[in-house]
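J.: Spelled out from the first residue to the last, the chains are:
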Amino acid sequence: MDLTAPNAAPSAHRASAANTILPLRVEGLAYDANGQRLIDGITFTLDAGPRTVILGPNGAGKSLLLRLCHGLIAPSGGTVTWQGATGNADAATHQAMVFQRPVLLRRSVIANVVYGLKLKGTLRAERAEIAADVLARTGLARFKDTPARLLSGGEQQKLALARTWALRPQVLFLDEPTSNLDPAATHAVESICQHMHDEGTRLIMTTHDLGQAKRLADDVLFIHKGRLLEHSPANAFFETPASGEAAAFLRGDLRW
Amino acid sequence: MRFTKSLIPVIAALLFTLNAHAADDKFITVASTTSTANSGLFDVILPVFTKKTGIEVRVVAVGTGKAIRLARSGDADVLFVHHKPSEEKFVADGMGMKRSDVMYNDFVMVGPASDPAGIKGSETAEAALKKLAAAKAPFASRGDDSGTNKKELGLWKAAGINPKTSSGTWYRETGSGMGATLNVASGMNAYALTDRATWLKFKNKGDLAILVEGDPKLFNQYGIILVSAEKHPHTKTALGQKFIDWIIGAEGQTEISNYQILGNQAFFANAKPGS
Amino acid sequence: MTDISAAFATAIQLLITLDANLIEIVGLSLQVSISAVALATVIGLPMGAALALFKFPGRGTLTVMLNALMGLPPVVVGLVVYLLLSRSGPLGVLGLLFTPTAMIIAQAILVTPIIAALTRQVVADLWVEYAEQMRSLGAGPLRAVPALLYDARFTLVTAVLAGFGRASAEVGAVMIVGGNIDHVTRVMTTAIALEVSKGDLALALGLGIVLIGLSLAINAATFTAKQRAEAAWT
Ligand SMILES: Nc1ncnc2c1ncn2[C@@H]1O[C@H](COP(=O)(O)OP(=O)(O)O)[C@@H](O)[C@H]1O
Ligand SMILES: [Mg+2]
Chain A
-17 MDLTAPNAAP SAHRASAANT ILPLRVEGLA YDANGQRLID GITFTLDAGP RTVILGPNGA
43 GKSLLLRLCH GLIAPSGGTV TWQGATGNAD AATHQAMVFQ RPVLLRRSVI ANVVYGLKLK
103 GTLRAERAEI AADVLARTGL ARFKDTPARL LSGGEQQKLA LARTWALRPQ VLFLDEPTSN
163 LDPAATHAVE SICQHMHDEG TRLIMTTHDL GQAKRLADDV LFIHKGRLLE HSPANAFFET
223 PASGEAAAFL RGDLRW
Chain B
615 MRFTKSLIPV IAALLFTLNA HAADDKFITV ASTTSTANSG LFDVILPVFT KKTGIEVRVV
675 AVGTGKAIRL ARSGDADVLF VHHKPSEEKF VADGMGMKRS DVMYNDFVMV GPASDPAGIK
735 GSETAEAALK KLAAAKAPFA SRGDDSGTNK KELGLWKAAG INPKTSSGTW YRETGSGMGA
795 TLNVASGMNA YALTDRATWL KFKNKGDLAI LVEGDPKLFN QYGIILVSAE KHPHTKTALG
855 QKFIDWIIGA EGQTEISNYQ ILGNQAFFAN AKPGS
Chain C
366 MTDISAAFAT AIQLLITLDA NLIEIVGLSL QVSISAVALA TVIGLPMGAA LALFKFPGRG
426 TLTVMLNALM GLPPVVVGLV VYLLLSRSGP LGVLGLLFTP TAMIIAQAIL VTPIIAALTR
486 QVVADLWVEY AEQMRSLGAG PLRAVPALLY DARFTLVTAV LAGFGRASAE VGAVMIVGGN
546 IDHVTRVMTT AIALEVSKGD LALALGLGIV LIGLSLAINA ATFTAKQRAE AAWT
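Residue numbers (the working numbering), protein chains in the order written: chain A, -17 to 238; chain B, 615 to 889; chain C, 366 to 599.
Extracted from the complex, chain A is given alone in its bound form (with noise of 0.2 angstroms):
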């Protein structure tokens, strides 16, 4: 994989304070289904900057505040605002995620790339070249006219990664993006994240793989059945965790 190509895109769209849409500030969140409450009064803000990881066990509610975040859904309370320059108004078209299980389209490789491209708008003469230059940095470029449901898990997920990549935005939710994949995928997944957040785009991740957060966490939010109960920087968090929920977690008997 070459991480490094030399033919590195146009790194233009790292945010500048003019055009950014963040800071994202979420406040009182609240999220209920079947008469039960879910997300229970969440409220932070993440500015420009740092990759963040929201930790939690299963089940408490991580992938449905990214969802809530990214507008996939509609909170039952509380506000998610984007407060840049920008504003709310087309915060969605800076915005992406990547699912659990990727969802890829039945047709090649570089199609599903380029249909991406296609809803964000991208002309159509330069859709091929950014997706062809995504592949390659994602070690795709020889799958390029596979069928993409051909490709393995861990394929299949460098290739979801690969097409918001192609993107360039500005905030990339990923929910729990590796949680399918062995160690090596799992390794070129954070590799490609990595390489995102050094352009400049904001990293969300949801994770309950603690390695995985010590490696890309700056700053943390741990959840637990649906509140928020920490916020904190990773460092201060792994080693002196505030709750007694986080601190069981950590050690790994926090049952849900």
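Calculated from the structure, these hints are not laboratory results. Please read these numbers as outputs of a predicted model, since none were measured by experiment. Be careful, since some hints might not be right.
[To be verified] Here are the computed distance ranges between Cβ atoms for each label pair:
hint, chain 1, residue 1, chain 2, residue 2, range
1, C, Pro411, A, Asp200, 54 to 62 angstroms
2, C, Leu579, B, Asp821, 30 to 38 angstroms
3, C, Phe588, B, Gly877, 46 to 54 angstroms
4, A, Gly41, C, Lys420, 28 to 36 angstroms
5, C, Val429, A, Pro5, 30 to 38 angstroms
6, C, Val429, A, Gly41, 54 to 62 angstroms
7, A, Asp235, C, Phe419, 43 to 51 angstroms
8, C, Val429, A, Ser58, 30 to 38 angstroms
9, A, Gly41, C, Arg424, 29 to 37 angstroms
10, C, Gln378, B, Asp821, 25 to 33 angstroms
11, B, Ala772, C, Thr587, 57 to 65 angstroms
12, B, Glu865, C, Ile381, 49 to 57 angstroms
13, A, Gly41, C, Phe419, 26 to 34 angstroms
We put the CB at the ideal spot given by N, CA and C, even for glycine.
Using the hints provided, position chains B and C with the ligands relative to the given structure of chain A.
T.: Same frame as chain A, now just chains B and C with the ligands:
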């Protein structure tokens, strides 16, 4: 929607070719009966007319009742059927211009060769029908308001029998064309009334044979009528009249008389000269 | 028994002599049924997709109706189209009765519910899988329609084939609106009905065998192509 978009020219092309086909206006539509069409007469005489005049004749072959209804709706230019009372009513109602005799053949009563009801050799159709009713022998009726069906019902009436009260027992109404009804009769060894031409041409006779024929009441007259343009202005009266003039004229009449099925003359031309 | 063997002999003879009448009839059958299916596809795909993706008043009723219409008897459709196209009907001025176009219209009405109902089902299933990813990429249901139809293409081919099967097999509708006019609107099924009515069961069955052969060939070709493509793309 690349996929569906690509279909549009295909459809347009197909519809176009089909309409180009249909747009050729030098044709008339003749509503006629299955018996005439199935006899094969049209296959022989229409090409002669078309060759001479360049007018294509499109025959829609249905029962007489339905043919008249088609003509009433304006869906045919010429009506060529065989039930004089209905035809005269059609003209009287102002739907048609004038009725002309064209030809006749006759009806025959067919049934199983073993003839369990013993109608063979009956002098009259009425006598035969009375025997059938008495024996409750299976009888397959068109039951479709066709010319043959109207004829058959007239014969029952003359015999003083109402077979409809036995419908579903020995009296079976197929509600279909002549051929389909003969298939039923052949399949269940039932008696039936049929026009001779259809019978001669019919291939699935099985055990059936002609049992009663020759009664003047079995006479089957065909008439032709030009649909009036008054109710339906689009009617192709000029072309239709040409066809009528030809078929009741010398050439058409000769063609009809020359038509044979298995060596038998099928129809007897009897248009009145100058009519 | 003799009829059946005679039928096979007739079928073979019709085929090897490339009987001119047969070719004309088969040609018109294909032209009519393919046009009808194409028309039904253009209407049925968007209709099915709309039913799958959008909530609008009457959606449930429409879905139930569509499913019920799949079983509509061809004669009823034929009758309705006849009443519409008859010179005394509302569309009589078009002069379409007893033309191939009338037959295409009738068959398209028969086939559209099949294609729309199957499209609705497959698109709805795909949407469950794709919805969030599509919305994340910036496509609501409307923008996603082409991609959904494209990704459902193999199932949709089956739907279209099912439609073609119904169109090419039906006789009730084309008989009424076409009139079974020789050289103009006579297709395989009406020719078969005619031969049955003439009592020429062998010729009728022979034509039937040709029709089955044709349908087999079309289905086999599509099936093989689909099988190959699907193995690669699913
Ligand atoms: N649509 C829904 N209806 C009911 N319960 C839901 C729904 N979506 C999620 N949940 C429940 O909400 C809780 C949080 O889910 P999720 O956010 O997926 O957890 P995780 O932290 O593992 O990602 C779980 O108990 C899950 O079963
Ligand atoms: Mg989750």
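J.: Are the hints correct? Go through all of them and say.
T.: These are the hints, each one checked on the structure:
{"no.": "1", "hint": "Pro411(C) / Asp200(A): 54 to 62 angstroms", "verdict": "48 angstroms, violated"}
{"no.": "2", "hint": "Leu579(C) / Asp821(B): 30 to 38 angstroms", "verdict": "35 angstroms, holds"}
{"no.": "3", "hint": "Phe588(C) / Gly877(B): 46 to 54 angstroms", "verdict": "51 angstroms, holds"}
{"no.": "4", "hint": "Gly41(A) / Lys420(C): 28 to 36 angstroms", "verdict": "30 angstroms, holds"}
{"no.": "5", "hint": "Val429(C) / Pro5(A): 30 to 38 angstroms", "verdict": "50 angstroms, violated"}
{"no.": "6", "hint": "Val429(C) / Gly41(A): 54 to 62 angstroms", "verdict": "38 angstroms, violated"}
{"no.": "7", "hint": "Asp235(A) / Phe419(C): 43 to 51 angstroms", "verdict": "49 angstroms, holds"}
{"no.": "8", "hint": "Val429(C) / Ser58(A): 30 to 38 angstroms", "verdict": "33 angstroms, holds"}
{"no.": "9", "hint": "Gly41(A) / Arg424(C): 29 to 37 angstroms", "verdict": "34 angstroms, holds"}
{"no.": "10", "hint": "Gln378(C) / Asp821(B): 25 to 33 angstroms", "verdict": "28 angstroms, holds"}
{"no.": "11", "hint": "Ala772(B) / Thr587(C): 57 to 65 angstroms", "verdict": "60 angstroms, holds"}
{"no.": "12", "hint": "Glu865(B) / Ile381(C): 49 to 57 angstroms", "verdict": "38 angstroms, violated"}
{"no.": "13", "hint": "Gly41(A) / Phe419(C): 26 to 34 angstroms", "verdict": "33 angstroms, holds"}
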